Structures are given as structure tokens and as C-alpha cells.
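Generate the whole structure from the sequences, applying the supplied hints.
Each protein sequence line maps, in turn, to chains A and B. Residue numbering for the first sequence follows our numbering, beginning at 1 and increasing consecutively. Residue numbering for the second sequence follows our numbering, beginning at 1001 and increasing consecutively.
No lab work stands behind these hints: they were computed from the structure. Just so you know, these numbers come straight off a predicted model, no measurement behind them. Treat the hints with care, since some could be wrong.
What the simulated footprint calls covered on chain A by chain B, stretch by stretch (three residues with Cβ under 8 Å from a Cβ of chain B suffice, anywhere in the stretch; the number is not a length) [claimed, not checked]:
| id | stretch |
| --- | --- |
| 1 | 15 to 25 |
| 2 | 225 to 234 |
With a cut-off of at most 25 Å between alpha-carbon atoms, the simulated DSS-like pairs for lysine-lysine come out as follows [as the list claims (entries may be wrong)]:
| id | chain 1 | residue 1 | chain 2 | residue 2 |
| --- | --- | --- | --- | --- |
| 3 | B | K1244 | B | K1223 |
| 4 | B | K1028 | B | K1045 |
| 5 | B | K1244 | B | K1212 |
| 6 | B | K1207 | B | K1245 |
| 7 | B | K1045 | B | K1018 |
| 8 | B | K1155 | B | K1212 |
| 9 | B | K1063 | B | K1026 |
| 10 | B | K1123 | B | K1133 |
| 11 | B | K1171 | B | K1245 |
| 12 | B | K1045 | B | K1171 |
| 13 | B | K1045 | A | K20 |
| 14 | B | K1108 | A | K23 |
| 15 | B | K1245 | B | K1227 |
| 16 | B | K1155 | A | K20 |
| 17 | B | K1028 | B | K1171 |
| 18 | B | K1244 | A | K20 |
| 19 | B | K1108 | A | K28 |
| 20 | B | K1108 | A | K20 |
| 21 | B | K1133 | B | K1155 |
| 22 | A | K23 | B | K1245 |
| 23 | B | K1212 | B | K1005 |
Which residues of chain A face chain B? A partial, calculated answer using Cβ under 10 Å [unchecked claim]:
| id | residue |
| --- | --- |
| 24 | N33 |
| 25 | Q60 |
| 26 | S106 |
| 27 | T110 |
| 28 | M111 |
| 29 | E115 |
| 30 | N126 |
| 31 | Y130 |
Using N, Cα and C, we set each Cβ at its ideal position, and we do this for glycine too.
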Amino acid sequence: MTYLYNIGAYFLMIKEMFRKPTKWSVMKRLIFNDIDDLIIGSLGIVAFISFFVGGVVTIQTALNITSPLIPQYLVGFATRQSVILEFAPTFISIIMAGKVGSFITSSIGTMRVTEQIDALEVMGINALNYLVFPKFIALMLYPFVISIAMFLGIVGGLAACYYGGFSSVEDFIIGVQLDFIPFHITYAFIKTIVFAFLLATIPSYYGFYMRGGALEVGKASTTSFVWTSVMIILCNYILTQLLLSS
Amino acid sequence: MIEVKNLHKSFGDAHILKGVSTTFEKGKTSLVIGQSGSGKTVFLKCLLGLFHPEEGTIAYDGKIYSELTDDQRRNLRAEMGMVFQGSALFDSMTILENVMFPLRMFTKQSNSEMQDRADFVLKRVNLEDAHNKYPSEASGGMQKRVAIARAIVNKPNYLFCDEPNSGLDPKTAMVIDNLIQEITEEYNITTIINSHDMNSVMEIGEKIVFLKDGLKEWEGSNKTIFKTDNEAVTNFVYSSELFKKVRQMYLEERA
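Put into C-alpha cells, the structure is as follows:
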């Protein structure tokens, strides 16, 4: 029953988020602040992880190709496919569920605990629109982060290939360009937009409706991370089945 | 003026308010007192529109809250100022930004007009030098004064204060009490304070409503509270030796 209650309350929250919009001059500032916190603030960690995980994917692929009949450019091909299809959109989103998600839950949760949300409501402000909507809009720039992750993942693979001596740079680049299907990029960005929506709304839900004190803020952050990750994995499966299996 | 008629509020099986009726007048400081669990906070949250009573009406200058549309309710709330027990200042904003916040949200004033108004109210609460501090850098008394400044900056018709003196030393508490009373008279606001600070009761209680077990047990003022024979009120108000002596002296003087 608790699950059903939470699902219902989550969708009601989303509906309420779009009602009674905050003044545009105020909202504009909130959106820019959230772009700074959620998007720009995540670039460093995303770049670091993407570069090195791209490298690891390349090394593992290269080390598993033992047959001399398999062409060397397959390393670049496998790296590109892994990075674009799964690693950049899904793996980075799980990391963002930890970084951005816990930030959203704890900041909104702390506002709940210290009565700042009550203060907004008493003033007649739609607190959900004021707090959650700018995060939702800011995270619509999330595909930009994922594009960087895709690029750096492949660059990381190239660097690992070059410095590890697994194949030549030329072979790697041939592999990266081989049989490229543009729809795979569309598929990755469709997933990214769905994950961005989940990243903005699930942690906000757990922060906004939490009760208790500082300890409960911590618990809410953990719960929000778990459920955001679960929903990302689940949506990943459903979208892959819908978009790629036809 | 706020008129409350037969207010009932329950949470599950717990019947918190059991039919409270009273009136709070404009330009007067009214206090709602009572022991912990008497329903004071629920009563205040009903007045603020945060809780919806199952029965009874609350009328704000004739406008009955339950009959208003969502938009009308939000507009009415914009006429309310609230000082929370923990101040509830926005900790990511400076003191000046906190005070300017209601103006930014509800008016079309220019930045300089908003700043002038915020300067004026901050000066009114004796905080002219704290503009750029963050709430975490301010003392408890300063935070309460900022909360009062934020509550009155948009010229509200109704001011609600939930335990405005909690956690303050007696001298600062008195400063806050006097400030609230002065502002109430100056701007002709309907002010309701939720308190169990007996100094506040004696100092600024132009109207006092005593709640017990979700019912209005007694109603009067700081002048009449000395004379009451109501056992629940006397047990609550005169629980300390100091107040017992004050009352005794008052009654001896009168005799």
C-alpha cells in the first residue's frame, strides 16, 4: 500500500509542479542557479569518470580479443558502441543519481525540516513550482553532459589504446567510424531525457515530503538514490526494448 | 479582524480542536496560550490555511476561507506575515535578500524600490548593519528580527507568530515582544501570537485565548488574567513562584 501511495503522491506532485507558476523574473534566476549547481557542477566528475571508464572498456575489449582473425579496429568499434549506447546515458545517470539526486533531496529536505517550505506556502507561493520546476528545466540540459561523456569516453579509449599499445590510433579511429547508425545517438538522447526527468523529480519527491530531522534527511537521500537508480535501470530496459528491438 | 467559529480539526482518531470560537481584532496583539498538546499549533496552522478544519469557519475581514477559490486563498496568504518558531529564514540568501523576497515574489517594484523598502523595515527592527550577513551568521535574536522584518515588508493585514521568544534570553525576548506590539499598532495589523512565555502574556497580551484539550477554556486580557478564578488558567499561568507573588501583590493592591 505504501508503494501505491507513493506512486500516487509522486504523480500528484508532478501535476502540482506545473500549476501556479512563479514570477518569470524570479524563476529565471532559480533556473540559472540550478543549471550552475546541477549541470556545470557535475561536469568535472562526469569528465573524469567518462575518460577513465572509456579507457577501461578499451583495455578489456582489447585483452579479450585473442584470436588473430578478429580485426584490431574492433576495439574502437566496441568502445564506441558501449560508450554511446550504455555507458554514457545509463552509467553516468546512476552516478548522477548519487551526486545530483542526493543534493536535491538533502537541500529540499533541509528546507522542509527548517520550516522554509512552510514559509513559502504561508506566503501563498506554490513551493513545488518554486523548488522543483527549475531543477526539471535545468536538467533538460542533461543531454549536453551526456554528449561530453560520450566524447570523453571515446577519447579515453583512444588514449588507453595508444598508451597501452593495444592497437594503432588509425585502427581505433576506423573502428569508431565503422557501421555508425545515427539512430543510436537518438536512442541515447531519448533515454537521457527520460533519465533527466527521473533525476529531477524522484529526489525532489523524497526531499519535499520527508518528515523528521537531520537523520531523516540522510535517510531520505539514501532512499531517493535507491529509487532513482531502480527507475533508471527499469526505464533503460523498457526503452531499449521499445526503441532497439524493432 | 479574524473571526473563528466552531473550529474542529482531527488527525485520524485524535480530535485536536473540538469547537474553538473566538475573534481577533485589528490593531491588537492577541496571544493564544496553553500547555503543550493543547492544540495551539494546530489552531495557528488552521488560521494560516496550512491545515483544513473538518468543521467550522475562519473569516478574514469577512472573507470565509473555506469559500474562497485556490487563487483567492493564495492572494489572501500574500496578505499574511508569519514569524516561525525557528525563524525559517532562507539560509541560501543574505538577510537583505530574505527581507526583499516577498516583494520580489508579489510586487512589480524595481530593484531600488525593493531595496529601499527592505532598508526601511530592517531599520525599523534595528538591523541596519546586517544586510549582507547570512542567517547562519546572525544570532537568535537577530534572526527573529529578520523574520519579523520579512513578515511585515509587504505590509500584511495579518501577522502570525509561533513562539517568537523561544530560545531567547529574557531581555531579547522583551525587545521582540515590544517590537511586535509596536508594529501591530503602527500598521494596524491583526496579530496572533502562539506562546507559553508568561512574560509575553503579562506584557503584550491585549487579548488572551487559553486553550485546553482542544477547547477554549478562557478568554481575556493581561488586565483580567490576574482576576480570573479559572483553575486551569491559574494553574498554568501562576505555576512559577514569581508569578504567584506578582498576582498576590496585584490582588493585595486592589483590595
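Now the hints, each set against the structure:
{"no.": "1", "hint": "15 to 25", "verdict": "holds (count 4)"}
{"no.": "2", "hint": "225 to 234", "verdict": "violated (count 0)"}
{"no.": "3", "hint": "B:K1244 / B:K1223", "verdict": "holds (15 Å)"}
{"no.": "4", "hint": "B:K1028 / B:K1045", "verdict": "holds (20 Å)"}
{"no.": "5", "hint": "B:K1244 / B:K1212", "verdict": "holds (21 Å)"}
{"no.": "6", "hint": "B:K1207 / B:K1245", "verdict": "holds (22 Å)"}
{"no.": "7", "hint": "B:K1045 / B:K1018", "verdict": "holds (15 Å)"}
{"no.": "8", "hint": "B:K1155 / B:K1212", "verdict": "violated (33 Å)"}
{"no.": "9", "hint": "B:K1063 / B:K1026", "verdict": "holds (15 Å)"}
{"no.": "10", "hint": "B:K1123 / B:K1133", "verdict": "holds (15 Å)"}
{"no.": "11", "hint": "B:K1171 / B:K1245", "verdict": "holds (21 Å)"}
{"no.": "12", "hint": "B:K1045 / B:K1171", "verdict": "violated (28 Å)"}
{"no.": "13", "hint": "B:K1045 / A:K20", "verdict": "holds (22 Å)"}
{"no.": "14", "hint": "B:K1108 / A:K23", "verdict": "holds (10 Å)"}
{"no.": "15", "hint": "B:K1245 / B:K1227", "verdict": "holds (14 Å)"}
{"no.": "16", "hint": "B:K1155 / A:K20", "verdict": "holds (23 Å)"}
{"no.": "17", "hint": "B:K1028 / B:K1171", "verdict": "holds (22 Å)"}
{"no.": "18", "hint": "B:K1244 / A:K20", "verdict": "violated (53 Å)"}
{"no.": "19", "hint": "B:K1108 / A:K28", "verdict": "holds (16 Å)"}
{"no.": "20", "hint": "B:K1108 / A:K20", "verdict": "holds (17 Å)"}
{"no.": "21", "hint": "B:K1133 / B:K1155", "verdict": "holds (24 Å)"}
{"no.": "22", "hint": "A:K23 / B:K1245", "verdict": "violated (56 Å)"}
{"no.": "23", "hint": "B:K1212 / B:K1005", "verdict": "holds (17 Å)"}
{"no.": "24", "hint": "N33", "verdict": "holds (9 Å)"}
{"no.": "25", "hint": "Q60", "verdict": "violated (44 Å)"}
{"no.": "26", "hint": "S106", "verdict": "violated (13 Å)"}
{"no.": "27", "hint": "T110", "verdict": "holds (8 Å)"}
{"no.": "28", "hint": "M111", "verdict": "holds (8 Å)"}
{"no.": "29", "hint": "E115", "verdict": "holds (4 Å)"}
{"no.": "30", "hint": "N126", "verdict": "holds (8 Å)"}
{"no.": "31", "hint": "Y130", "verdict": "holds (9 Å)"}
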